[in-house]
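Protein chains in written order, with our numbering: chain A, 24 to 339; chain B, 24 to 339.
These are calculated hints, taken from the structure and not from any lab test. Please note that the accuracy of each hint is not assured.
Note: identical chains are not told apart, hence a pair may lie in one copy or across any two.
Stated by the list, open to error - Subject to a maximum C-alpha distance of 25 Å in a straight line, what follows is the list of computed SDA-like cross-link-like pairs (lysine to any residue):
1. K302 <-> H38
2. K224 <-> P71
3. K73 <-> D234
4. K209 <-> T319
5. K73 <-> G178
6. K33 <-> E299
2 protein chains.
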Amino acid sequence: MTPFTSTRAKSVTAHGELALIALIRRWLGNASPRSPFGIGDDCAVIPPTKNQQLVTTDPVIHGQHFDDTVPPRAVGAKLLKRNLSDIAAMGGRPVAAVVSLALAPNTSVMWLRGFYLGLANCARRHGVKIVGGDITQGPRGFFGAFLTLHGESTGQRVVTRTGARVGDAILVTGRLGGSRAGHHYKFTPRLAEGAWLARQKDVVAMMDVSDGIAKDIRALTPQGAIASVWPPSIPVSAAAGTASGQSRRPAWMHALTDGEDYELLVVIRARTDPFEFTKRWSRHFATSLQPIGRFTRRLSPGHVDWRSLQGYEHLR
Amino acid sequence: MTPFTSTRAKSVTAHGELALIALIRRWLGNASPRSPFGIGDDCAVIPPTKNQQLVTTDPVIHGQHFDDTVPPRAVGAKLLKRNLSDIAAMGGRPVAAVVSLALAPNTSVMWLRGFYLGLANCARRHGVKIVGGDITQGPRGFFGAFLTLHGESTGQRVVTRTGARVGDAILVTGRLGGSRAGHHYKFTPRLAEGAWLARQKDVVAMMDVSDGIAKDIRALTPQGAIASVWPPSIPVSAAAGTASGQSRRPAWMHALTDGEDYELLVVIRARTDPFEFTKRWSRHFATSLQPIGRFTRRLSPGHVDWRSLQGYEHLR
Chain A
24 MTPFTSTRAK
34 SVTAHGELAL
44 IALIRRWLGN
54 ASPRSPFGIG
64 DDCAVIPPTK
74 NQQLVTTDPV
84 IHGQHFDDTV
94 PPRAVGAKLL
104 KRNLSDIAAM
114 GGRPVAAVVS
124 LALAPNTSVM
134 WLRGFYLGLA
144 NCARRHGVKI
154 VGGDITQGPR
164 GFFGAFLTLH
174 GESTGQRVVT
184 RTGARVGDAI
194 LVTGRLGGSR
204 AGHHYKFTPR
214 LAEGAWLARQ
224 KDVVAMMDVS
234 DGIAKDIRAL
244 TPQGAIASVW
254 PPSIPVSAAA
264 GTASGQSRRP
274 AWMHALTDGE
284 DYELLVVIRA
294 RTDPFEFTKR
304 WSRHFATSLQ
314 PIGRFTRRLS
324 PGHVDWRSLQ
334 GYEHLR
Chain B
24 MTPFTSTRAK
34 SVTAHGELAL
44 IALIRRWLGN
54 ASPRSPFGIG
64 DDCAVIPPTK
74 NQQLVTTDPV
84 IHGQHFDDTV
94 PPRAVGAKLL
104 KRNLSDIAAM
114 GGRPVAAVVS
124 LALAPNTSVM
134 WLRGFYLGLA
144 NCARRHGVKI
154 VGGDITQGPR
164 GFFGAFLTLH
174 GESTGQRVVT
184 RTGARVGDAI
194 LVTGRLGGSR
204 AGHHYKFTPR
214 LAEGAWLARQ
224 KDVVAMMDVS
234 DGIAKDIRAL
244 TPQGAIASVW
254 PPSIPVSAAA
264 GTASGQSRRP
274 AWMHALTDGE
284 DYELLVVIRA
294 RTDPFEFTKR
304 WSRHFATSLQ
314 PIGRFTRRLS
324 PGHVDWRSLQ
334 GYEHLR
């Protein structure tokens with residue numbers, strides 16, 4: 024379904040700004056509290072907290088993060104889930120979000136309703152309040168929604184990207200390479216998993232995989248080390264296998280480079296046995312946690328250096 | 024200066040995403056702290072606070088909030104100042120911001136540099152840290168920057184829009200109607216003024232004027248009341264006078280309807296003498312604070328009912 028309509032009566036301009044905001048508040052329902060804790064004042068008020076606070080921002084833009092084949096409800100959910108995945112990657116808990124829309128005058132109200140219902144549904148499922156936002160007119164054929172998500176730490180610490188050392192093991196949740204088969208909007212943010220991982224002292228660094236781990240791993244790699252991965256250990260999704268049949272590149276290469284997996288890349292300290300750790304993990308979660316390599320000074324036999332691969336590059 | 028270039032070598036695509044992020048971090052300088060308190064991790068971390076937290080979001084979009092006549096540094100400053108004005112309107116103090124960019128592949132790196140230098144300069148002046156963001160490719164000829172600003176209350180309370188009653192007096196800071204003459208990006212957010220006003224018990228409601236007070240006043244007007252204003256009391260800017268000469272509508276009408284004033288609209292309780300109150304104000308601020316009307320049940324003689332006027336309507 025396309026976000027745009029050629030019938031003026033069905034477009035956002037037929038309603039105007041104030042009526043549209045009233046509709047949005049109705050669509051959001053109890054996912055949006057009353058002002059000043061929600062929409063309707065100059066700022067939204069969030070009560071004080073004793074925990075570390077987390078902030079992240081990610082948009083969905085038509086033609087970039089979704090196309091006309093993605094249902095509007097899934098687009099609304101994806102907008103929030105992209106940000107939830109960032110909160111998960113620090114081991115945090117989501118709290119409140121604001122949404123800034125830039126939309127074409129010919130944006131369909133029906134499509135926008137689906138978008139907000141999907142957003143509200145996802146927000147309720149994860150206990151997130153939609154507390155504010157902004158609507159601005161954009162050029163014809165443009166739809167962009169920019170969400171900023173506010174969260175907090177679930178325990179004593181947040182897990183950053185910078186704790187890895189040479190010798191530490193690299194693990195990944197779930198299966199990789201499914202984004203082309205719809206995983207890019209059907210994924211589940213790993214919030215419970217991230218919070219559990221943040222409580223394990225063995226975990227020294229963490230991030231979510233958004234541009235393909237071949238690219239993202241660079242952010243975790245300690246100075247002077249290489250990320251050395253054993254290809255047969257990569258948890259490849261069935262969709263990556265299909266992509267491989269078409270591209271004639273190995274399935275594990277798709278799994279490492281296709282992007283939008285929204286799985287967690289986890290680093291545990293060298294002295295912890297990765298297989299002991301995954302056994303501990305499997306008492307809590309059905310999702311797999313797979314050891315796939317280590318940070319080393321030199322490449323291990325049969326392993327691949329991730330620097331030789333490319334993830335998704337924006338602005339290219 | 025236009026945000027776009029026809030020379031590929033001068034465009035953001037010539038750099039690519041990672042190099043561009045490195046440039047942005049350099050342009051922001053000490054306005055952006057190190058991760059995890061700034062750019063570079065999945066989320067930015069903000070230390071816990073005992074105060075009420077405030078969140079607001081406002082963008083700048085080319086063709087909507089600025090055009091090629093506005094210098095890039097002023098565009099960057101305006102982006103932050105629009106949001107600062109919302110924090111001021113609650114009596115708060117700004118803390119940290121994230122910026123999500125949607126930009127055309129032909130966006131000029133030189134223009135973007137000016138934009139970030141202006142943003143960083145404004146952030147430093149107001150003690151705001153730029154802690155994170157996102158860059159996504161948008162359609163050709165599009166530039167939008169979406170900022171979410173995080174703040175906190177300066178004292179015991181935040182001032183909302185909903186405290187006014189019949190009989191209360193309406194006041195406004197500064198002069199109105201100058202947006203067409205460049206005030207829309209040259210304004211100063213009323214942060215010190217807002218914080219002082221929030222400490223005065225007489226102040227029962229407050230908001231900032233972004234779409235013209237003729238429209239914005241509706242949000243402050245108590246049920247069953249009208250905002251009754253005495254036109255000669257409106258603090259009209261010189262620019263509104265010029266606009267009046269061209270449009271042949273009264274200058275005070277421009278002052279009430281032109282939008283983007285970013286002044287504070289303040290409601291004080293009925294039993295406080297507005298002129299006593301402004302005397303108290305003038306011991307602290309050079310900016311004027313002008314009583315302009317009251318919330319009444321019936322229109323006072325010689326007064327104008329603001330419902331008869333229109334402010335700036337988006338999506339029309």
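Each hint, compared with the structure:
1. K302 <-> H38: This pair counts as neither: shortest intra-copy Cα distance 56 Å, inter-copy 44 Å.
2. K224 <-> P71: For K224 and P71, the Cα distance is within 25 Å only across copies (23 Å; inside one copy 28 Å).
3. K73 <-> D234: Neither way: K73 and D234 sit 33 Å apart in one copy and 37 Å across, limit 25 Å.
4. K209 <-> T319: neither (34 Å within a copy, 54 Å between copies)
5. K73 <-> G178: both (11 Å within a copy, 18 Å between copies)
6. K33 <-> E299: Neither. Shortest intra-copy (58 Å) and inter-copy (52 Å) distances fail the 25 Å Cα cut-off.
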